[in-house]
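Undergrad: Sequence:
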Amino acid sequence: MSNFFGLEIGKRSVLMHQTAFSITGHNIANANTPGFSRQAPSIVTTSPFHAPMLNNANRVGQLGTGVDIAQVKRIRDEFLDAQIRNETKVSGYWESMQQSLDRVEAILNEPSKDGLRGVMDMFWESWQDLSLNPESESVRSVVVQRGMALAEVFNHTYSQLQDLRVDINDQIKIKAREVNSLGKQIADLNQQIAAVTNAGKQPNDLKDKRDLLVEQLSEIAEVRVYNDKNGMIAVQLADRMLVQGVDHIVLSEEKDNQGMYLLVWADSRTKARISGGQIGALLDARGQTNLPDESQPSEYKEIIPNMIKELNMLAKTIMVKTNELHRGGYSLVNKSQVPDGSNFFMMPEDADTYENWAKFMAVTREIQDDVKKIAAASRRTWDTAGNKENFGDGSNALKIAQLKHNLNSPQFKVKTEGLNINFSSHDPLSFLMDGGAGIKKIEISPPYSFPDMQRLAQALQKELDENEISASVRCEGGEIVFYSTTNRKLEVIYPGSALSDLGAAELQNGEYQLQTRVGIPGANDAALSLLQSYNQKTADSVFGIGQLQQPNNLALDINASIEITVSDVDSYSGQVSYSYVSHEYNRNGTYERKTGGFTLKYGGAASQSITIGSMTTTITGLDSKTKMEAVELKVGDKGILGLTAATAAATPYQQVDINFNFNSPREVPQRFVFDNGVLDSATNELHFFTMNDNKESNLFGQSYDGYIEITTNAALATEEPAAYLSYYEGEWGNSGMVEDASTDDFWRSITANTGVLSQEAQRMVKNQEILLGQLQNKWESISGVSLDEEWTNVIKYQHAFNAASRFITGVDEGLEVIINRMGLVGR
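Going left to right, the sequence shown walks through residues 1 to 827 as my numbering numbers them.
Derived from the structure by calculation, the hints contain no laboratory data.
Take the hints with a grain of salt, since some may be wrong.
To be verified - With a straight-line cut-off of 27 Å between C-alpha atoms, the simulated BS3-like cross-links for lysine-lysine are:
| # | residue 1 | residue 2 |
| --- | --- | --- |
| 1 | Lys-404 | Lys-309 |
| 2 | Lys-229 | Lys-201 |
| 3 | Lys-778 | Lys-359 |
| 4 | Lys-184 | Lys-173 |
| 5 | Lys-634 | Lys-321 |
| 6 | Lys-201 | Lys-73 |
| 7 | Lys-373 | Lys-404 |
| 8 | Lys-321 | Lys-373 |
| 9 | Lys-462 | Lys-413 |
| 10 | Lys-634 | Lys-695 |
| 11 | Lys-778 | Lys-209 |
| 12 | Lys-695 | Lys-255 |
| 13 | Lys-537 | Lys-627 |
| 14 | Lys-173 | Lys-373 |
| 15 | Lys-255 | Lys-634 |
Use the sequences and the hints to build the structure in full.
TA: Okay, structure coming up:
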């Protein structure tokens with residue numbers, strides 16, 4: 001054993017306590033540094049002397065050799081860190097959701113006299129006032145102004161909600177950029193940590209920085225953390241590893257046609273299925289895009305889109321219901337027997353599929369320019385000679401005012417479009433009607449005996465009631481409308497058409513009009529057209545950008561209703577496979593159902609021939625696309641085709657047109673041409689396809705394979721139109737209007753639900769503040785720097801350092817005696 005053994009022990013003690021003193025100083029210096037966790041020296045004894053061996057001197061025990069710091073420990077609890085990350089995610093979600101809902105509540109401004117509900121109340125009150133003073137131009141002006149104010153509130157609310165959605169959409173993009181930045185920083189720190197770890201050191205401060213970045217990332221979205229080799233970590237975001245060692249991937253965006261961003265992985269362009277955190281709340285508030293990669297139904301809460309949808313439903317209900325009644329009323333400028341038939345609110349041309357009613361709402365220019373054209377009376381106010389009649393009638397205005405409390409039950413209606421009432425006719429007005437209890441003849445006095453259309457409609461209603469037909473009648477201009485809130489099937493047949501009965505099965509819910517024609521048309525080619533398409537991606541139609549041509553055989557004597565479905569898409573070869581079902585009728589009435597398939601090739605020939613049942617035609621234009629663009633189509637895309645047989649010159653014929661939703665500009669016609677006499681005195685089933693192509697409907701894309709059964713009692717007469725049919729069975733989709741609730745209650749429900757969501761968000765934010773506070777306190781008690789504790793360590797290490805120094809001094813003094821004073825005795 002060396003005489004300097006004690007010096008080595010003292011040196012080690014001094015160095016150890018000096019290092020521990022420095023670690024304590026580092027803790028104190030970073031007491032307020034975000035994310036910093038307390039560090040502590042791992043103090044261990046050094047290996048004792050001496051180790052057992054054969055030539056050991058025979059001495060007592062093993063002698064200690066001093067002290068050392070094995071490592072600088074970072075005081076962390078991984079389980080607590082995981083809890084904090086999870087609750088930070090929840091906190092980030094609800095704080096972001098609360099901010100969005102606060103803005104929605106500010107837009108709705110309810111309850112308030114200046115909010116939409118207050119403006120609606122004033123609108124209905126103006127109609128109530130008009131019912132009491134129907135000739136007053138000042139009261140009429142108030143109705144117009146209140147209508148314009150209502151439209152302005154709807155327009156503005158719609159615009160603000162859309163602007164909020166765009167703003168949230170921009171925030172989603174910004175948060176994606178933050179994720180990319182944090183991912184890169186974590187990967188860079190992983191690289192530095194691995195280098196330090198491989199050198200045998202503890203990269204505590206680097207790990208603190210990395211953990212702080214992960215915690216910030218967990219506030220933005222749900223993440224999972226896994227330990228990796230060499231001190232690195234892997235971070236999972238959604239369905240991918242955002243960080244794997246020193247590598248990281250990047251989020252990107254794809255825009256839909258509304259400018260909404262779909263977050264995708266930049267390398268694969270697949271959807272990033274992010275949930276939780278701030279991005280999760282923003283997606284729930286903004287809703288999904290209309291890109292095909294989105295799930296159906298939506299995986300998000302769709303808060304703002306649902307709000308806009310409900311606002312549009314409310315606007316559409318007010319507009320449609322007000323206009324229905326207004327069209328049946330008489331204005332101060334109307335001197336005819338027929339109601340004005342004019343709308344109070346403007347109506348979009350494509351009313352069946354139009355979505356943004358709140359944006360569109362406006363009082364018609366006609367009424368703005370002349371308030372006398374408001375139809376406040378239910379009966380005409382002037383006779384045909386121009387004399388006042390029925391002045392003071394405000395009953396139609398009262399009906400409109402009462403819409404405030406109308407429960408808006410769904411109406412199953414038949415609009416007799418094309419029926420013109422000739423008030424000079426002395427012939428009784430008659431119909432064949434079936435309200436579910438069999439065909440009954442409805443007949444009223446000749447039109448000339450009625451002073452106006454409303455009283456003619458009242459006479460019809462009386463006949464319906466006496467015949468126990470569950471239906472109501474109203475007039476809209478010169479049009480008679482039969483409707484029911486309970487009876488889903490109504491049939492109206494004109495006796496002069498030679499049709500005696502109608503039947504229906506498996507049809508799409510809606511209204512159908514039958515037109516019949518007879519005669520000698522001359523020579524007409526067979527006609528083929530694409531009636532409807534359902535596409536889930538970006539394709540223009542079921543044929544992509546391909547153009548459907550006429551049949552190769554223009555003399556083809558086949559009628560057909562055809563459904564085509566995409567059955568396979570091969571983007572590698574560009575080949576798209578189709579299956580079809582075709583209902584075919586020869587002109588002689590022979591029916592055959594045919595099935596089969598064909599293929600088209602994107603990037604192929606300019607003209608590609610296809611055969612569908614008995615017909616061969618061509619598709620042109622697919623050569624302008626590359627084969628990779630076949631992915632514009634998706635399996636399940638559909639199309640409905642209609643083929644009408646050719647007719648020969650000087651050959652008599654019978655024609656039946658079936659128009660679906662005939663009172664809409666988007667009517668879907670199915671035309672059948674037969675040889676003369678085929679449909680006489682018989683029952684015939686006319687099979688055809690239709691499809692729900694209303695994107696707002698919950699049945700969007702569903703096709704229907706049904707038929708209408710017509711029974712004739714004689715040769716078809718030249719009658720246009722001939723019959724009407726309403727058909728509603730089972731679920732009938734989304735009418736886009738308020739149902740089984742008043743408009744007032746509906747809006748109350750919307751605002752109340754928004755308030756409940758906002759309260760829930762506020763409560764969750766407070767709960768998370770408390771929970772995170774508790775977790776942070778626990779984290780501080782374990783990993784945080786306590787200045788009192790650290791000052792205690794300073795004193796402890798300082799005293800130990802001083803003691804070690806004194807120990808070295810003692811050893812030094814002993815050695816000085818040995819070296820300088822021993823052997824001096826006797827000198």
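Undergrad: For every hint, state whether the structure bears it out.
TA: Against the structure, the hints come out as follows:
1. Lys-404 x Lys-309: With a Cα-Cα distance of about 20 Å, the restraint between Lys-404 and Lys-309 holds, given a limit of 27 Å.
2. Lys-229 x Lys-201: Holds - the C-alpha atoms of Lys-201 and Lys-229 are around 15 Å apart, at most 27 Å.
3. Lys-778 x Lys-359: Status violated; Cα separation ~53 Å.
4. Lys-184 x Lys-173: holds (17 Å)
5. Lys-634 x Lys-321: violated (39 Å)
6. Lys-201 x Lys-73: Given that 27 Å is the threshold and the Cα spacing comes to 11 Å, the pair holds.
7. Lys-373 x Lys-404: holds (22 Å)
8. Lys-321 x Lys-373: holds (18 Å)
9. Lys-462 x Lys-413: holds (18 Å)
10. Lys-634 x Lys-695: It holds: about 17 Å lies between the C-alpha atoms, which stays within 27 Å.
11. Lys-778 x Lys-209: holds (20 Å)
12. Lys-695 x Lys-255: holds (19 Å)
13. Lys-537 x Lys-627: With Cα atoms ~16 Å apart, Lys-537 and Lys-627 stay inside 27 Å; holds.
14. Lys-173 x Lys-373: With a Cα-Cα distance of about 51 Å, the restraint between Lys-173 and Lys-373 is violated, given a limit of 27 Å.
15. Lys-255 x Lys-634: Roughly 19 Å separates the two Cα atoms, so the pair holds.
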